[in-house]
Amino acid sequence: MRFAVRAVPPLLVLVVVIVLWEMSASGAGRRVIPPPSAILSSGIENFEQLRRATLATSYEAIGGFILGTVGGLLVAFATSRWLTARDVLLPVAIASSAIPIIAVAPILNNWFGVLNPVSKMMMAALLVFFPVLINSTRGLVEVKPASVELMRSYAASDVAVLRKLRVPNMLPFLFTAMKVGATLAFIGALVGEYFGGSSDVLGFVVLTSMSSGSFALAWAGILLGAAAAIVAYLIVSIIERVAIPWHSELDAS
Amino acid sequence: MTSHSPAAAAVRLAGVEQVFTTSAGGMKALEDINLSVAPGEFVSLIGPSGCGKSTLLRIVGDLIQPTAGVVEVNGKSAHEARVKREYGMVFQAPVLFDWRTVEANVRLPLELMGMERRQREARVREMLELVELGSFIRHYPHQLSGGMQQRVAIARALALEPTLLLMDEPFGALDEMTRERLNSEVLRIWGQTRTTVIFVTHSIPEAVFLSTRVVVMSPRPGRITHIVDIDLDQPRNDQSRETERYFELVTDVREGLRGRRSGGSEGRLRAEGGIG
Amino acid sequence: MSTEPEVELQSSAASTGVPSVPVLPGEPSRRQRAVRRALSFTLFVLGIGIVWEGAKWLAGDKWRLTSIGYEHTPPFRIQQLSDLNLPHLWDIAASFGEPFQRNANYSLLNYLIDQALFTWGEALVGFGVGAAIGLALASIFVHSGLLERAFVPYVVASQTVPIVALAPLIVVSFGRGLTSIVIIATYLTFFPVTIAVMRGLRSPDPRAVELMRSYAGSRWDIYRKVRLPASIPYLFTALKIAAAASLVGTIIGEGPGGVQQGLGRAILTFNQQYITGPEKLWATIIVAAGVGLLFFMMVQLAEALVVRRRGGGPRTA
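Chains as they are written, first to last, in the working numbering: chain A, 1 to 253; chain P, 1001 to 1276; chain D, 2001 to 2317.
Hints are computed from structural coordinates only; laboratory data are not their basis.
There could be a bad hint or two in this list.
Some chain D residues near chain A, calculated using beta-carbon distances under 7 Å [claimed, not checked]:
hint : residue
1    : PRO2074
2    : GLN2080
3    : PRO2099
4    : PRO2153
5    : LEU2247
6    : ILE2285
Simulated restraints on C-beta separations [claimed, not checked]:
hint : chain 1 : residue 1 : chain 2 : residue 2 : range
7    : P       : GLU1132   : D       : PRO2229   : 30 to 36 Å
8    : A       : VAL92     : P       : HIS1139   : 40 to 46 Å
9    : P       : HIS1202   : A       : LEU162    : 32 to 38 Å
10   : D       : LEU2146   : P       : MET1027   : 55 to 61 Å
11   : D       : ILE2050   : P       : ARG1125   : 55 to 61 Å
12   : D       : GLN2273   : A       : VAL92     : 28 to 34 Å
13   : P       : ARG1258   : A       : ALA160    : 42 to 48 Å
14   : D       : LEU2301   : A       : MET23     : 46 to 52 Å
15   : A       : ASP200    : D       : LEU2294   : 54 to 60 Å
16   : P       : ALA1024   : D       : PRO2229   : 53 to 59 Å
17   : P       : HIS1202   : D       : GLY2217   : 57 to 63 Å
18   : D       : PRO2229   : P       : ARG1220   : 38 to 44 Å
19   : A       : ARG241    : P       : ARG1258   : 55 to 61 Å
20   : P       : GLU1132   : D       : SER2203   : 35 to 41 Å
Think of the CB as a built atom: it goes at the ideal place given N, C-alpha and C, for glycine as much as any other residue.
Next comes chain A alone, as it looks inside the complex (with noise of 0.2 Å):
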């Protein structure tokens, strides 16, 4: 009952904004932001078409979710036990974060094919690399100091103490990369595409459908492609829920 009432008014403003779009959009702007009807309906025309590309990207981008956390974790793994290799890799983990990473995704398309959904697995799979890779390795180290000298007094061999400290203590730090990833897979994937691909994904139906004038279209695959990374958070989410349900209680915000 209480959801209810906190889900009212964000519910208001989203009813609100759809209809001051419908009724707005007028004289040119109607052909560029087309009403909500006319995307709706231009949907349920193509739905195939959308259907099926919404289906290649969401695999492009989550085969390269999966391959940017599992290298982003066997990174994270080897580099916690070294200090030396920590403070070589992580700095250059952080400055990627400012580099525009999304500027190599040509050199992707040239190195494993423009038609090849590899390439753009690869840019999304670089995409996530590098946050899940600095959260594993915050979480592997970050850990109390008196929790490592409690095991120390029980003689805790090291990949014990790696078994049943360290790695709980990462899967907070774990599945907050894991949630910014499943967003950065879909950019990854969609701005890959956008730098060339097959025509059966969402950034070609996007680019081609704005290039012809369709502009209900390229919305409806526009929202589709947000769609499927909100799922895939959302997805991130509930695993994190049943994986470490201790750690929604204690985190109240």
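Since the structure of chain A is already known, use the hints to place chains P and D on it.
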């Protein structure tokens, strides 16, 4: 369940010294510490900040290696004793793992030791009953009060049935009433398990109430200045806090801390002219 | 900043700058580690160079360095390491000096710097406007529960939307040209700033607020003297991320944006001409990375100046 009588520890410290090297040069945290603790004793270490009592405790627990001197627990080196898991340690903060339930937290040392599952479960339940938290088995640490969390930490420390229990100001963060209650708890547990205890504290009443002997230390450099035998009757209870002998002993310890007394049963003594 | 993992912004990478590692006695001091970090960073870059050329030596195209008369045929062959896909580092370096196009009369380096400044300018405008909007929105939301409840879910949800992918559409919707691109940069900036500043405005110890009230301080006073100063660290965290995000948005928007200048356009152009000169595309990417790093460091510098000034005396509010 099991009436518990471990081969209790004897702790022997001889000529123990600890020097920390900092950027400002060497800092002598402990100087010439000599102390023997008999099996089953309850010894408190008390002194102002910087007197090295926590350092000393960690040396006994082999978490720090002394720069000089000999540390023996049960006739073996401190290191061996730690590797053989003969200690239980309780810190100032409960240091529980957020992601484990109360039961899982107490189970931790048993897992590390490789105890078999059914035996583990039995032991965990026994320990939690001992600290009277049996009904909180499935709770998470953040759902418990500070005092309860410390009780879980004590249960965990006792899980391996250690011969020696080391406690570093475990009740420092709690309010006075909870503290007094937990003091009685600790005594009850000590009575049942007959573990040897070394207990670091800031609180004179607490030290006198709990211990068979109180070791007074002073800083710069950290050393033992005074030892008070506490000859209050056992088992102690709230009544014991109100006897005249109790007040005399508290005064004794206080004077020792102020450096006005010298003498005692053991240890290297220095007549102190003023507060450390 | 707390060490609690926060569901924060795009890339939590820049969130605290450097992860704080508990320093135990025996480990090197903060300053020593900073020096070591700078050194290792340089070594890392050198290392990349070695790996790059090393890989090409093992599995690239045939090496033919006529200037020093060195020839080498690598034992293996991996397509991705060919001269077309992974040009030699010295070729890339050399291309900076060459004219950026046949018959052009200035060098690639000059050309790229011009484009970089152009792109940076767009990003900076969007960044500034976005930061201002974010600050304003955050201040409003913190003071009005109703507005917050109505709009913040969207602000939060928007972080999960691949906004950057919307870039071409925004550009087309709002017309070709600079305006659209600046809009993208603004959009990418104001969301993280809003969220972070909200958190910052709420961060002060409630007792500090109570203290102000006991002096009959108005809400405006409290805002100015307690909340705003408290939000500064949070603001700068968001700005570091927004810097990168606005830059990325600008570069991507320039493609469909129809502007004839900028790094985004340069990337598209050189991508089309890849066969004739792959080094130029790589050079562009390096310049783009450089701009990103410089922008990030500028924000860090600004942060250091602001924080130092504030910590410098009891007069600072």
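Status of each hint after checking the structure:
Nearest Cβ of chain A to the Cβ of PRO2074(D): about 18 Å, over the 7 Å cut. The hint is violated. The restraint placing GLN2080(D) at the interface with chain A holds, with a minimum CB-CB distance near 5 Å, inside the 7 Å limit. Because the beta carbon of PRO2099(D) sits about 22 Å from the nearest beta carbon in chain A, more than 7 Å, this interface hint is broken. The interface hint given for PRO2153(D) is met, as the beta carbon of that residue sits about 4 Å from the closest beta carbon of chain A, less than 7 Å.
Taken as an interface hint, LEU2247(D) checks out: its beta carbon lies about 6 Å from the nearest beta carbon of chain A, inside 7 Å. The interface hint given for ILE2285(D) is met, as the beta carbon of that residue sits about 5 Å from the closest beta carbon of chain A, less than 7 Å. Between GLU1132(P) and PRO2229(D) the beta carbon distance is about 48 Å. The supplied range of 30 to 36 Å is therefore violated. In this structure the supplied range 40 to 46 Å holds for VAL92(A) paired with HIS1139(P), their Cβ-Cβ distance being about 43 Å.
A C-beta distance of roughly 35 Å is found between HIS1202(P) and LEU162(A), which places it inside the suggested range of 32 to 38 Å. At roughly 59 Å, the beta-carbon separation of LEU2146(D) and MET1027(P) lies within the given 55 to 61 Å, and the hint holds. Judged by the Cβ atoms, the range 55 to 61 Å given for ILE2050(D) and ARG1125(P) holds: they are separated by roughly 60 Å. At roughly 30 Å, the beta-carbon separation of GLN2273(D) and VAL92(A) lies within the given 28 to 34 Å, and the hint holds.
One distance hint, 42 to 48 Å for the beta-carbon pair ARG1258(P) and ALA160(A), holds here, with the actual separation near 46 Å. Our hint of 46 to 52 Å for LEU2301(D) and MET23(A) holds, since their Cβ atoms are close to 48 Å apart. The given range of 54 to 60 Å is broken by ASP200(A) and LEU2294(D), whose C-beta atoms sit roughly 39 Å from each other. Range check, ALA1024(P) to PRO2229(D): Cβ separation about 34 Å, and the 53 to 59 Å hint is violated.
Restraint check, HIS1202(P) to GLY2217(D): a C-beta distance of roughly 39 Å breaks the suggested window 57 to 63 Å. The hint said 38 to 44 Å for the Cβ distance between PRO2229(D) and ARG1220(P), and at roughly 40 Å that hint holds. Between ARG241(A) and ARG1258(P) the beta carbons are some 57 Å apart, a value that agrees with the proposed interval 55 to 61 Å. Roughly 39 Å separates the CB atoms of GLU1132(P) and SER2203(D), a value that falls within the hinted 35 to 41 Å.
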